[in-house]
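A.B. asks: Sequence:
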Amino acid sequence: MAAEIVGNNLEMAMEILWHLPPETLLRFKSVQKSWYTLINDPQFVSKHLSNSLEHKCILLKRVVTNNAGEEEIMLSILNFPFNSSMSVIDLDFPYEEYSKYYEINGHSHGLICFASCGVDIFLCNPATREFRKLPPSILLTTRPSSNPNTLRSLTNSIGFGYDAKSRDFKVVRVVYFFNDAIHFLYFKAEIYDLSKDRWREIELPICGYSSLMPRFDLYHKGTYYWWERDGREGENILSFDMSEELFGKISLPESFNRENYKILGVLNGSIVVFDYPCEVNDEKKFDLWEMKKDECGVISWSNLLTIGPISGIHKPLLFVSSDEVLMEDNEGQVVLYNIKTQLMSVVPLKGQSIRRRCQATFVTKTLASVMGGNNSMSYGL
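Mind the numbering: the sequence shown is residues 1 to 381 in the UniProt record's numbering, read in order.
Just so you know, these hints were derived from the structure itself, not from any lab.
The reader is advised that the hints may include incorrect statements.
Said to hold, decoys possible - If you anchor each label on the Cβ, the simulated ranges turn out as follows:
#1 D41 / D90: 38 to 48 angstroms
#2 R27 / M371: 37 to 47 angstroms
#3 L305 / C117: 33 to 43 angstroms
#4 A181 / K56: 45 to 55 angstroms
#5 I202 / S270: 21 to 31 angstroms
#6 L154 / E235: 16 to 26 angstroms
#7 K56 / P253: 41 to 51 angstroms
#8 P135 / F362: 46 to 56 angstroms
#9 L204 / V31: 27 to 37 angstroms
Said to hold, decoys possible - Calculated lysine-lysine pairs in the BS3-like style (CA-CA distance at most 27 angstroms, straight line):
#10 K165 / K196
#11 K196 / K292
#12 K315 / K350
#13 K285 / K188
#14 K249 / K315
#15 K249 / K292
#16 K340 / K315
#17 K285 / K340
Quick caveat: nothing in here was measured; it's all calculated off a predicted structure.
C-beta atoms are modelled at their ideal positions from N, C-alpha and C, and glycine is treated no differently.
Turn these sequences into a full structure, and let the hints guide you.
C.D. replies: This is the structure:
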């Protein structure tokens with residue numbers, strides 16, 4: 001009776017449904033036709049997303065050793081709060097032929113981008129368990145040749161994000177071209193629009209060879225960032241504005257040690273850089289630098305704080321809060337470190353992780369679809 005009363009009152013139904021998780025809403029589609037139509041409506045999806053932005057979870061990608069002694073990738077969704085009874089949900093990757101090796105290449109509005117060896121790219125909504133394989137690149141060459149002058153290409157980097165102007169999701173790929181005789185030749189870039197389901201080439205102003213470091217990248221507020229090592233200019237951050245489709249370079253403090261590892265992160269809404277030694281030491285210090293931009297767009301850096309020394313830590317993953325950092329230890333375990341109390345706790349996860357292969361990103365539970373078309377045009381906030 002209660003469901004019938006709510007079902008007949010669309011306004012009341014919307015107020016209730018806006019605050020429910022996607023998993024529940026998917027089940028509610030079968031209650032009655034009007035609810036199915038409502039939950040699929042782009043405006044409802046947008047409103048539901050805006051209500052969900054403050055309730056994030058963490059998607060964790062680990063390489064583990066299974067019972068047969070083989071390596072496999074495990075995706076886990078970690079729900080807050082972080083404690084001994086924390087909810088951990090494992091997510092299956094539906095493309096078995098690609099399940100042995102893939103990386104996370106950005107997240108936005110509840111969608112995640114995965115790439116397998118830089119060639120095959122997938123979009124996923126972990127909340128709805130919806131996956132989509134993107135069409136092939138228009139830049140990558142696929143024919144091997146014994147001729148040393150034959151042009152070849154490889155993916156240098158991939159980024160995923162949201163264009164608030166066109167209200168569309170985009171994937172950008174940087175490709176470098178080479179041959180065995182001259183080696184590096186030049187770069188090109190292409191972009192994929194989810195609403196149109198196709199790739200197109202875009203302008204790329206990179207001159208000379210530079211390496212965009214995998215797993216050191218980040219999407220934040222409409223811009224994708226990569227860590228760039230340039231043989232002539234040293235280290236920079238390469239940025240890509242998803243709306244304007246423009247690349248840019250951000251200089252780094254001269255005091256950065258080039259031999260150190262750097263990881264990009266977000267703290268209190270600002271871009272930060274973890275700077276730490278690459279050696280496997282018993283103790284490590286992690287210097288944290290904050291990037292600031294003034295009203296004229298001029299960027300400056302400030303040394304925010306130093307975490308540690310901490311024993312047994314391999315690398316930071318992300319800030320869970322202003323006081324807590326998710327990290328990977330030297331044994332491959334995922335741990336939560338409190339900066340103020342200096343206490344560390346192990347996150348309870350299945351499987352024996354392999355060190356140096358862990359990735360973590362925040363994800364919002366949303367109804368946003370990876371299927372493109374008009375669905376991808378409606379999530380503007």
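A.B. asks: For every hint, state whether the structure bears it out.
C.D. replies: Hints versus structure:
no., hint, in the structure
1, D41 / D90: 38 to 48 angstroms, "violated (31 angstroms)"
2, R27 / M371: 37 to 47 angstroms, "violated (19 angstroms)"
3, L305 / C117: 33 to 43 angstroms, "holds (37 angstroms)"
4, A181 / K56: 45 to 55 angstroms, "holds (49 angstroms)"
5, I202 / S270: 21 to 31 angstroms, "holds (28 angstroms)"
6, L154 / E235: 16 to 26 angstroms, "holds (21 angstroms)"
7, K56 / P253: 41 to 51 angstroms, "violated (30 angstroms)"
8, P135 / F362: 46 to 56 angstroms, "violated (28 angstroms)"
9, L204 / V31: 27 to 37 angstroms, "violated (49 angstroms)"
10, K165 / K196, "holds (15 angstroms)"
11, K196 / K292, "violated (35 angstroms)"
12, K315 / K350, "holds (20 angstroms)"
13, K285 / K188, "violated (38 angstroms)"
14, K249 / K315, "holds (25 angstroms)"
15, K249 / K292, "holds (15 angstroms)"
16, K340 / K315, "holds (18 angstroms)"
17, K285 / K340, "holds (15 angstroms)"
Checked against the numbered hints listed earlier, the structure breaks hints 1, 2, 7, 8, 9, 11 and 13; every other hint is satisfied.
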